[in-house]
Amino acid sequence: MTPFSFARADDAAAAVRMGGAPGAKYLGGGTNLVDLMRETVEQPTSLVDVTGLGDAIEERADGGLLIGAAARNTAVAGHRTVRTRYPALSRAILAGASGQIRNMATMGGNLLQRTRCTYFYDAAARCNKRVPGAGCDAVEGFNRIHAILGASPACVATHPSDMCVALAALDAVVHLQGGAGTRSLPLVDLHRLPGGRPDMETTLEPSELITAVELPALPMAARSTYRKVRDRASYAFALVSVAAALDVAADGTVRDVRLALGGVAHKPWRAAMAEQALRGQPATEASFRAAAEAELADAAPLAHNAFKVELAKRTITAVLAELTGDRA
Amino acid sequence: MTITINGQQVAVPSDPRVSLLDLLREHLHLGGSKKGCNQGACGACTVLADGERILSCLALAVQYEGRSVVSIEGLSPDGSLHPLQHAFIEHDGYQCGYCTPGQICSAVGMAGEAKRGLPSAVTADLAADAVQLTHDELRERMSGNLCRCGAHNGIIAAIADTFGRPAVAEAAE
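Taken in sequence, the protein lines are chains C and Y. Counting from 1 along the first sequence, just add 271 to a position and that's the residue number in the working numbering. Counting from 1 along the second sequence, just add 118 to a position and that's the residue number in the working numbering.
Simulated from the structure, these hints should not be mistaken for lab results. Glycine included, each C-beta is placed from N, C-alpha and C at the ideal position. Hints may be right or wrong, so weigh each one.
Taking CB as the label site, the calculated pair distances span [to be verified]: (1) C/527 - Y/132: 55 to 63 angstroms; (2) C/468 - Y/168: 48 to 56 angstroms; (3) Y/201 - C/424: 57 to 65 angstroms; (4) C/291 - Y/122: 31 to 39 angstroms; (5) C/355 - Y/214: 27 to 35 angstroms; (6) Y/234 - C/493: 16 to 24 angstroms; (7) Y/185 - C/291: 22 to 30 angstroms; (8) Y/194 - C/284: 42 to 50 angstroms; (9) Y/185 - C/310: 23 to 31 angstroms; (10) Y/234 - C/310: 33 to 41 angstroms.
Below, in silico cross-link-like pairs of lysine to aspartate or glutamate (EDC-like), each with a Cα-Cα straight-line distance of 20 angstroms or less [as the list claims (entries may be wrong)]: (11) C/296 - Y/170; (12) Y/233 - Y/170; (13) Y/153 - C/310; (14) C/296 - C/476.
Take the sequences, apply the hints, and build the full model.
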């Protein structure tokens, strides 16, 4: 680990001030950043500990939920309102990492965790994300775990978060504070596709701090879930994951749907095409499969991950069928 | 600038690079917590921070200023054994013993989570208030602690014996 200075922020304004120093990074639970620093993939010259900032989980007058960025993953997954009104979020968090890591990891840190592409971690490999312009050893390498949607010749890495997939499906909004003031943006606009600059992973301004995540009132989210397909039953990253909420009308047609995919792209992938294909259609497996086909039509698998295309289609279909189940 | 470790006040290291695990092992010579992978993949370094299980290898010690940390050495006072340690002996919950301190600290933290009603990835009903620590629940909740010898069956049996029965008994009442 290269040397760095450490400071604890007492409030968001102080954090942003310290975060503006060259080479500064915000530190949450450290479960990803400390590991990357040990591998010298990350080499900040100062760390600003933001775990002492807002961690409250508050119900808002409009029916939504505001979650402080320092809230631990365990606290969010176990929160009564999250469990009953946004079960996909509880399930997504509980599907990720281990009990120990969920106790440490924060909301904000989870949003900003970096890819688990093995070439990104390996200092001996070429990686455009780690060293812009260096090339990508994953494109022609072992790319079983890599992206099938939205990738570029420069980068085929995937975003590792489970939580973000649920947040993408549930229309979450991210609250930010920077030197120029506060703003908010939809979670689906926080992360970027790689394009020619895979080192630029988010749309955050320099020193901009995530202060909270807002879940809008979304009654249909009470019927939502998350399914993660992985190489072992627990404590492994997703090959493919699906977060979904489904509202079926009395006549058996899809009144509304929210759908997002994990493990398939550089960012949590909101499946807008599948949603559009489903609205107004009968809530049947045939409709679900057709919507999945529409979403994956542009999939561009690599040498070792073509299985993800069919896996994503089947998982989307199975999750939507599960959410329809009790009504049938 | 201190951390309470097993009840003793300890100065926070001046170098912020020192992990909580290295503070325990190298500075305080508390060798129970193990450095298995040093990257958060194995759970051998698990300790309790204010009663919650964490990975001391991914924790910068400086971040734990003012907190109370308990490692395997401090789990039970005066050299006595914690009930779970007795159960590990009873059920032969080890082979080489390397993962054992992490397993035991993790299980103690896990039992606290279950007592608070925290669901897991295999909990069918997220709205349920009480958690029943079934075999599947224990396997899921302990999945962050690996045992390369393959002693998981004995480990789960020991944990079920210590923490599983009361929960089942309460649920049956």
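Now the hints, each set against the structure:
Between residue 527 of chain C and residue 132 of chain Y the beta carbons are some 56 angstroms apart, a value that agrees with the proposed interval 55 to 63 angstroms. Hint check: residue 468 of chain C to residue 168 of chain Y, Cβ distance near 41 angstroms, so the stated range 48 to 56 angstroms is violated. For residue 201 of chain Y and residue 424 of chain C, the hinted distance range of 57 to 65 angstroms is satisfied, since their beta carbons lie about 58 angstroms from each other. Take residue 291 of chain C and residue 122 of chain Y: their Cβ atoms lie about 34 angstroms apart, and the range 31 to 39 angstroms holds.
Remark: the range hint 27 to 35 angstroms for residue 355 of chain C to residue 214 of chain Y is contradicted by a beta-carbon distance near 44 angstroms. Taking the beta carbon of each, residue 234 of chain Y and residue 493 of chain C are about 23 angstroms apart, inside 16 to 24 angstroms as hinted. Checking the proposed 22 to 30 angstroms range against residue 185 of chain Y and residue 291 of chain C shows it holds: the Cβ atoms sit about 28 angstroms from each other. Between residue 194 of chain Y and residue 284 of chain C the Cβ separation comes to about 45 angstroms, which falls inside the hinted range of 42 to 50 angstroms.
A hinted range of 23 to 31 angstroms holds for the C-beta pair residue 185 of chain Y and residue 310 of chain C, which are about 26 angstroms apart. Restraint check, residue 234 of chain Y to residue 310 of chain C: a C-beta distance of roughly 35 angstroms satisfies the suggested window 33 to 41 angstroms. The straight-line distance between the Cα atoms of residue 296 of chain C and residue 170 of chain Y is roughly 26 angstroms, outside the 20 angstroms bound, and the hint therefore fails. Taking the CA atoms of residue 233 of chain Y and residue 170 of chain Y, the gap is about 12 angstroms. The hint holds against a cut of 20 angstroms.
Distance restraint check for residue 153 of chain Y and residue 310 of chain C: the Cα-Cα separation of roughly 16 angstroms lies within the 20 angstroms cut-off, and the hinted pair is therefore satisfied. The straight-line distance between the Cα atoms of residue 296 of chain C and residue 476 of chain C is roughly 13 angstroms, inside the 20 angstroms bound, and the hint therefore holds.
The structure shown violates the earlier hints numbered 2, 5, 11.
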